[in-house]
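Participant: The primary structure of each chain is shown beneath.
There are 2 protein chains.
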Amino acid sequence: MDNRYHKIRAWQIKEGICEEIEDPITGENPLTVYFNGSELVTLLCTFEYPEELAVGFLFSEGFLKSGEDIKDIKVDPEQSGVWVNSHRTAQIAEQTFMKRYITTGCGRGTSFYHLTDAVSRPVETGFRISPDQVLNLMIQAQRMSELFRVTGGVHSSALCTVEKIMFFREDVGRHNSVDKLIGRCIMDGIDTGDKILLTTGRISSEILLKTAKMGVPVIASRSAPTDLALRHAEELGVTVAGFVRNRRMNIYTFPERIMK
Amino acid sequence: MDNRYHKIRAWQIKEGICEEIEDPITGENPLTVYFNGSELVTLLCTFEYPEELAVGFLFSEGFLKSGEDIKDIKVDPEQSGVWVNSHRTAQIAEQTFMKRYITTGCGRGTSFYHLTDAVSRPVETGFRISPDQVLNLMIQAQRMSELFRVTGGVHSSALCTVEKIMFFREDVGRHNSVDKLIGRCIMDGIDTGDKILLTTGRISSEILLKTAKMGVPVIASRSAPTDLALRHAEELGVTVAGFVRNRRMNIYTFPERIMK
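The listed protein sequences derive, respectively, from chains A and B. My numbering runs 8 ahead of the 1-based position in the first sequence. My numbering runs 8 ahead of the 1-based position in the second sequence.
Just so you know, nobody snuck in bad clues.
It does not matter which identical chain is used: a pair holds within one copy or between any two.
Simulated pairs of lysine to any residue, SDA-like, Cα-Cα distance not exceeding 20 Å:
#1 Lys73 - Ile198
#2 Lys221 - Gly209
#3 Lys221 - Asp199
#4 Lys79 - Thr40
#5 Lys22 - Arg230
#6 Lys73 - Trp91
#7 Lys22 - Glu264
Treat the hints as calculated values from the structure; they're not laboratory data.
Generate coordinates for the entire structure from the input sequences, incorporating the hints supplied.
Facilitator: So this is what it looks like as structure tokens:
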């Protein structure tokens, strides 16, 4: 039994006929992240790869700069908690985190007034990928979306080389699936300059900032980008492809990485 | 010209052929909410109905209890700000808001440990709606989704009587489209006990809490609910219908409001 979802009794109405069914519903679980012993945040997520989610979140928020900052990680599924201990202190990151979330959007958005605070430098890489490779990766990712196929209730993201999917993550939270990939890269010290990030979710400004911070040169989505995400992408050197489906795509920024 | 989106140059690759196109992209705009003169939060949103969004957000977060708490509202599009002045002080709500966002998810989730803090009482109403009425309302809502049809980049929500859509709102933020409806109801003193809330987005625990707080007895979505949302719905007396599309739906809680 896959513990990422469970069957719940429901009543299906179809063509006017009502039938009692068992419907697989995705789990939305709290995961509390502790940094150097202090409770920092509780994320609502698919309880899978909790270390990755915690590390990815801490990197996105500036608490960690690299895998070397991590002293140890402990997960306690019963308490739904992840304890990350670091050589770094939380002080500066905590102030930024507090300020950002109180004044600029509570996870509904990020401060885009200070891009340089969020991302140290634009993504610069000679990485190239062909349109066919992008389309093939998207098809591979769709085939892997088992939890979505069963529940219809999750987003997925994947980190890929030009030819294959390295890591594939599903989560009830659009941001969480990306944070899990970031966490994996940080923990394994993976070079992201020659990778592409695929996602099922829309490319909002926040997702774009995560991509740039991670140093990934190309993001591709089945869905639409926002104008603010595209402005960030221009500034931060990220190639954005949207509506990647049915053998087509739209490329919005730095098309030279995908086109010949 | 609709200022909710604008055309951006893009490169479309289709069947191996690359063509320069102009693609309509949805706007993602900052809106800063000031409460009694103090800056509270910056939301990233579709800049439309800013008063509703501000009031809905303030109600969802406990800063306002009803329309009578509002002294005046001022919108300044140039500064992208909404100033809401109230007879209520921010003190207690601000503490809860800070605590909630710092310890429980930064908009990625809400504290579900204290449901009674969030929602004063379960939704109790003799409201009834037939399956056909729900399906018809969903079809009406789809027809109204103009911004989605153009950009593919927004979610929409609608507040309806059993027969027709009263208010329809689109936004880049899934939560914002619901908050705009809440704001409208608060400002106009609309009775929500005999209404249904439709949304294109998934029904997460946070969306369910907003529905219950608003006092709406039925929420219906084209997408899936999460298990936590369904647990909240059981406790708070809300009927949840998911996968409402193609002449069918699944009802998960309090089916007696929809079934005969």
